[in-house]
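Participant: These protein sequence lines map, in sequence, to chains A and B. Quick note, our numbering runs 112 ahead of the 1-based positions in the first sequence. Quick note, our numbering runs 112 ahead of the 1-based positions in the second sequence.
No wet-lab data here; the hints were simulated from the structure. Worth double-checking, as some hints may not be accurate.
Intra- or inter-copy, both count: the list cannot distinguish identical chains.
[Claimed, not checked] The calculated lysine-lysine pairs, modelled on DSS-like cross-linking and capped at a C-alpha distance of 30 angstroms, are:
| hint | residue 1 | residue 2 |
| --- | --- | --- |
| 1 | K481 | K130 |
| 2 | K130 | K441 |
| 3 | K463 | K303 |
| 4 | K205 | K271 |
| 5 | K133 | K462 |
| 6 | K467 | K130 |
| 7 | K441 | K194 |
| 8 | K130 | K463 |
| 9 | K130 | K462 |
| 10 | K303 | K467 |
| 11 | K303 | K441 |
| 12 | K481 | K310 |
| 13 | K303 | K462 |
| 14 | K205 | K194 |
What follows is each chain in one-letter form.
2 protein chains.
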Amino acid sequence: MNFPLGYRYSTVYAGIRKTEKDDLALIVSDTPASAAAVFTRNVVQAAPVRLGRAHLSASRGKARAILINAGNANCATRTGDKVALATCEAVAKRGQYPANQVIPSSTGVIGVELNPKLIVSALPKLFAGLAPDRFADVARAIMTTDLVPKAASGEIPLKGGTVRIAGMAKGSGMIHPNMATTLGFVMMDAKIAPVHLKPMLASAINRSFNRLTVDGDTSTNDTVLVLANGASGVTPNEKERQVITEVLSWVLEDLAEKIARDGEGATKCITIHVTGARSAEDADKIGRAIANSPLVKTAVFGNDPNWGRILCAAGYSGGYFDPNKVEIKLQGVTVCRNGLAVDFDEAAMKKQMDKPDVAIRFNIGGSGKVETQFWTCDFTEGYIRINASYRT
Amino acid sequence: MNFPLGYRYSTVYAGIRKTEKDDLALIVSDTPASAAAVFTRNVVQAAPVRLGRAHLSASRGKARAILINAGNANCATRTGDKVALATCEAVAKRGQYPANQVIPSSTGVIGVELNPKLIVSALPKLFAGLAPDRFADVARAIMTTDLVPKAASGEIPLKGGTVRIAGMAKGSGMIHPNMATTLGFVMMDAKIAPVHLKPMLASAINRSFNRLTVDGDTSTNDTVLVLANGASGVTPNEKERQVITEVLSWVLEDLAEKIARDGEGATKCITIHVTGARSAEDADKIGRAIANSPLVKTAVFGNDPNWGRILCAAGYSGGYFDPNKVEIKLQGVTVCRNGLAVDFDEAAMKKQMDKPDVAIRFNIGGSGKVETQFWTCDFTEGYIRINASYRT
Chain A
113 MNFPLGYRYS
123 TVYAGIRKTE
133 KDDLALIVSD
143 TPASAAAVFT
153 RNVVQAAPVR
163 LGRAHLSASR
173 GKARAILINA
183 GNANCATRTG
193 DKVALATCEA
203 VAKRGQYPAN
213 QVIPSSTGVI
223 GVELNPKLIV
233 SALPKLFAGL
243 APDRFADVAR
253 AIMTTDLVPK
263 AASGEIPLKG
273 GTVRIAGMAK
283 GSGMIHPNMA
293 TTLGFVMMDA
303 KIAPVHLKPM
313 LASAINRSFN
323 RLTVDGDTST
333 NDTVLVLANG
343 ASGVTPNEKE
353 RQVITEVLSW
363 VLEDLAEKIA
373 RDGEGATKCI
383 TIHVTGARSA
393 EDADKIGRAI
403 ANSPLVKTAV
413 FGNDPNWGRI
423 LCAAGYSGGY
433 FDPNKVEIKL
443 QGVTVCRNGL
453 AVDFDEAAMK
463 KQMDKPDVAI
473 RFNIGGSGKV
483 ETQFWTCDFT
493 EGYIRINASY
503 RT
Chain B
113 MNFPLGYRYS
123 TVYAGIRKTE
133 KDDLALIVSD
143 TPASAAAVFT
153 RNVVQAAPVR
163 LGRAHLSASR
173 GKARAILINA
183 GNANCATRTG
193 DKVALATCEA
203 VAKRGQYPAN
213 QVIPSSTGVI
223 GVELNPKLIV
233 SALPKLFAGL
243 APDRFADVAR
253 AIMTTDLVPK
263 AASGEIPLKG
273 GTVRIAGMAK
283 GSGMIHPNMA
293 TTLGFVMMDA
303 KIAPVHLKPM
313 LASAINRSFN
323 RLTVDGDTST
333 NDTVLVLANG
343 ASGVTPNEKE
353 RQVITEVLSW
363 VLEDLAEKIA
373 RDGEGATKCI
383 TIHVTGARSA
393 EDADKIGRAI
403 ANSPLVKTAV
413 FGNDPNWGRI
423 LCAAGYSGGY
433 FDPNKVEIKL
443 QGVTVCRNGL
453 AVDFDEAAMK
463 KQMDKPDVAI
473 RFNIGGSGKV
483 ETQFWTCDFT
493 EGYIRINASY
503 RT
């Protein structure tokens, strides 16, 4: 992985989570970077989400540092806003940045006061640890119930030189379109104005994180933040920005798939392709309903080619299709044509489904040309175990 | 339980399900009864749903018999429509009813051909077994993954005499507002014209089954059918019909609660009250999001008073509320006020939650006066086990 130039990373254990595992992370750009973010659409928004939005607005889309903690969502608490502000200001003071160029981000339990002293007193060690090669440490420190850290990267050779993108994310429950709970942080070293960066992120998010679901819950803290600091010295033109958007989408898709694969308790990554839709809205509704259906997700867990549940989920999705024209494929094998059962070798199919990747294709079968893709995971006893005891 | 007059019931094992347990049931009214039904809104509709709707329309809301099978949904198969029609016609012939006064109903696996011979050849025994006191046998025969049969009843002393209502239902996965997968059959012996019966059922359903959710999935076979045969000799006036609607609602609420309690793998029945909403739409969206949230449902399973998940679910529901005014009560104890944590005795609360009934109150805290109620169950490892191996 060739990391984007001009960024440094650090992590420490600040005592926010109970187990001694780094829970505080800092990402710093050596120069003010253009910044764009997508935040949760939940009505209940955590303090760092509110402050991050305000800071990006006040700084006109510039950021020097991202301060991230795991173990506490800093949401629905008496002191949340003050804590978010005080910790950002402490980072700004120590780094000599404008306070509004520090973006806070939190993940963890809701409704428990976050002690700002834990963070402030950890800052000397956090700053002292900053290094260009500690990207992976941050990816690990932001994990909650994630089992593996998630990173993806790309390099784009442009006329003016090479541009690098590297992203990290955390899942792993409460992942849902509009948007994933995930925290995601993407660094690039191209020089891109904030006014251009924003639509690039929006487009990439729509093709990636907004098509990812683990359990249908949307959290209060969802944030995906992208920085572009220009350290490569390359200023892409409009056409080249489109190429960068493609690679950014690819990086975010890769992260989305990794989040699905590491969904709480998941044993499989399920990819749902919907084809032949009349509109993007129809395709989205159908794909999302299939991806969210506990019955589909438990059937996949049990290696059960129960396509009736897929048809049924599409049926209540609200997306248009003609049930008499539907074709459903599981792992490439047609199991339903024109809405009716197709004979298939059940034993062979069970074997096909007993793999870490399961592909569901739902072809609407009309004359529509729109298609889409969703990612989710299977629904297992492990999910229940994790979530029945998250706080204990 | 005093059963409505003029009905007879029977069940047999016809060999539709693999295990030898009655899977075919018949409910007969001695005279043509007024009939009203609510069917699934899923785009994919099982053959018996389509035929039942057609029959009720052709008979102008009259029915003599309901033919129900478990073990096969008769949905998404090549021969489904023919099978539904042939079996209804066989019942009509044997009972000497008009064919369109026989309503079919099926529940079970989707996409597997249903052999009509199994049903037709079981009819002699099925008819021979008809008796006024076999209501409970039918309630048992229509069960799929249900653990207990579900019945509820009421008696209404009116001026002209007593009127009786008795209902039965089956769950237990794929239960969702609009509407529950449930099959539900309600018999009354009041004399009520079809034109009056329809709005009575619609009103009662809206207050009961449409507020019930187990896993958010809506099936292809959902049917609630109510018959009123006039065998009591009592013809209620408009005011009395309102009273009957109340009791009908109560019977359906009772069945809905029983379905929630017996949800697949459920250990608890969760009742969600939403109060203080500006509109019924807001209240419904909030209540439904809380009831459907896997994170809320797993927290309840784990006796975890994790009200942050409740607030979060309301937040993404799309229903209006001010997060700074919300009050949340768990088992009567305030855990969140003005959107913030309230101190409570965690150990005592865990004990309170370790009960078969868990009450969540979500007070929007504004000046709104609208309230609503939803029923659901906790989300457990048992649900996963059941649904990962349904067909095997």
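Participant: Please go over all the hints and tell whether each is borne out by the structure.
Facilitator: Each hint tested on the structure:
Taking the shortest Cα distances, K481 and K130 never come within 30 angstroms of each other, neither inside one copy (51 angstroms) nor across copies (43 angstroms). When the C-alpha separation of K130 and K441 is checked against a cutoff of 30 angstroms, the pair qualifies only between copies, where the shortest distance is 27 angstroms, while the shortest distance within a copy is 46 angstroms. Proximity of K463 and K303 under a CA criterion of 30 angstroms is satisfied in neither setting, with 49 angstroms inside one chain copy and 57 angstroms between copies. When the C-alpha separation of K205 and K271 is checked against a cutoff of 30 angstroms, the pair qualifies neither within a copy, at 39 angstroms, nor between copies, at 82 angstroms.
In this assembly of identical chains, K133 and K462 lie within 30 angstroms of each other by CA distance solely across copies; the values are 28 angstroms between and 40 angstroms within a copy. In the homo-oligomer, the alpha carbons of K467 and K130 lie at most 30 angstroms apart only across protomers (29 angstroms), although the nearest pairing inside one protomer, at 35 angstroms, exceeds that limit. Only between protomers do K441 and K194 lie at most 30 angstroms apart by alpha-carbon distance; the minimum there is 27 angstroms, versus 52 angstroms within a single protomer. Proximity of K130 and K463 under a CA criterion of 30 angstroms is satisfied inter-copy only: 24 angstroms between copies versus 41 angstroms inside one chain copy.
Proximity of K130 to K462 under the C-alpha cut-off of 30 angstroms is restricted to the inter-copy arrangement: shortest distance 20 angstroms between copies versus 42 angstroms within a copy. With identical chains, the CA atoms of K303 and K467 are never at most 30 angstroms apart, being 42 angstroms at best within one copy and 59 angstroms at best between copies. In this assembly of identical chains, the alpha carbons of K303 and K441 never lie at most 30 angstroms apart, being 44 angstroms within a copy and 51 angstroms across copies at closest. Taking the shortest alpha-carbon separations for K481 and K310, only the intra-copy value of 28 angstroms comes in at or below 30 angstroms, while the best inter-copy value is 41 angstroms.
Neither within a single protomer nor between protomers do K303 and K462 lie at most 30 angstroms apart by alpha-carbon distance, with minima of 50 angstroms and 54 angstroms respectively. In the homo-oligomer, the alpha carbons of K205 and K194 lie at most 30 angstroms apart inside one protomer (16 angstroms), although the nearest pairing across protomers, at 78 angstroms, exceeds that limit.
When held up to the earlier numbered hints, the structure conflicts with 1, 3, 4, 10, 11 and 13 and fits the remainder.
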